[in-house]
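Dock chain R against the given chain H, drawing on the hints supplied.
Just so you know, the protein sequences line up as chains H and R, in that order.
According to the numbering used here, the first sequence is numbered sequentially starting from 8.
According to the numbering used here, the second sequence is numbered sequentially starting from 2.
Take the hints with a grain of salt, since some may be wrong.
As the list claims (entries may be wrong) - Okay, derived cross-link-like pairs now, BS3-like style, lysine-lysine, Cα gap no bigger than 25 Å in a straight line: (1) R:K57 x R:K6; (2) R:K38 x R:K72; (3) R:K38 x R:K6; (4) R:K55 x R:K6; (5) H:K64 x R:K102; (6) H:K64 x R:K6.
Derived by calculation from the structure, the hints in this document are not laboratory data.
Everything numeric in this text was worked out from a predicted model, so none of it was measured.
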Amino acid sequence: EADIYQTPRYLVIGTGKKITLECSQTMGHDKMYWYQQDPGMELHLIHYSYGVNSTEKGDLSSESTVSRIRTEHFPLTLESARPSHTSQYLCASSWDRVDSPLHFGNGTRLTVT
Amino acid sequence: DQQVKQNSPSLSVQEGRISILNCDYTNSMFDYFLWYKKYPAEGPTFLISISSIKDKNEDGRFTVFLNKSAKHLSLHIVPSQPGDSAVYFCAASGIGAAGNKLTFGGGTRVLVKP
Numbered sequence: 008e009a010d011i012y013q014t015p016r017y018l019v020i021g022t023g024k025k026i027t028l029e030c031s032q033t034m035g036h037d038k039m040y041w042y043q044q045d046p047g048m049e050l051h052l053i054h055y056s057y058g059v060n061s062t063e064k065g066d067l068s069s070e071s072t073v074s075r076i077r078t079e080h081f082p083l084t085l086e087s088a089r090p091s092h093t094s095q096y097l098c099a100s101s102w103d104r105v106d107s108p109l110h111f112g113n114g115t116r117l118t119v120t
Numbered sequence: 002d003q004q005v006k007q008n009s010p011s012l013s014v015q016e017g018r019i020s021i022l023n024c025d026y027t028n029s030m031f032d033y034f035l036w037y038k039k040y041p042a043e044g045p046t047f048l049i050s051i052s053s054i055k056d057k058n059e060d061g062r063f064t065v066f067l068n069k070s071a072k073h074l075s076l077h078i079v080p081s082q083p084g085d086s087a088v089y090f091c092a093a094s095g096i097g098a099a100g101n102k103l104t105f106g107g108g109t110r111v112l113v114k115p
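With the rest of the complex left out, here is chain H:
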């Protein structure tokens, strides 16, 4: 069973603030991902990483940035939050095999006022 943790679970913050969403996994998975989901909508990939020092943009353009300095840690940063960033952000990890399912954290629900 993969363990993947996201903090905070909920965040309400004012426009213009810098925020970092934390994601850590304890399974040693090579790949990590950030998905964004609006209520009732599909999940959209915004960032992914194949391993340490590897980051790629996903299919949905995002103003956020990510870093992968350690295998287990994949934080997402918004330099200046805006109301349009209000959404749920889901972190996931997997082995580097096509048949390895993604294991998701419980998400961070971000509200920018």
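Just chain R now, kept in the frame of chain H:
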């Protein structure tokens, strides 16, 4: 352009009966398909998957069917239980180094009535 579509946003079924969830895709490069289940305020949980070389995969009460020619897959839950009430997402990925990148459908909300 939605490459994975779940055309039924919701489904209501009686406990003990079969739940059938459908999913269509357009990208012929997809060769691995997964179903995830999501409860409110939680992340999606992996349920079952199928490779494009198969047309059926079964795991307990859950069976996934793949029709490649129709670019269609379905998830059958038999028998349905109240704990199955959740949102179910269909997802697909393609071959190659980026193979784990999943494209998700919009989800189907299932309500199982006792």
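Next item on the list: Assess, step by step, whether the Cα of R:K57 is no farther than 25 Å from the Cα of R:K6, and give holds or violated.
Entry: With Cα atoms ~20 Å apart, R:K57 and R:K6 stay inside 25 Å; holds.
Next item on the list: Would you check the hint for R:K38 and R:K72, treating anything up to 25 Å between C-alpha atoms as holding?
Entry: Holds: R:K38 and R:K72 sit about 21 Å apart, inside 25 Å.
Next item on the list: For the pair supplied as a hint, R:K55 and R:K6, confirm whether the alpha-carbon distance does not exceed 25 Å.
Entry: 21 Å, holds
Item checked: H:K64 paired with R:K6 [C-alpha distance capped at 25 Å] -> This hinted pair holds, its Cα atoms lying about 23 Å apart.
Checklist line | Agreement of R:K38 and R:K6 with the hint, judged by alpha carbon distance not exceeding 25 Å | finding: 16 Å, holds
Notebook entry, point to check: Given the hinted pair H:K64 and R:K102, is their alpha-carbon gap at most 25 Å?
Noted result: 11 Å, holds
Hint check: no violations occur; every hint is consistent with the structure.
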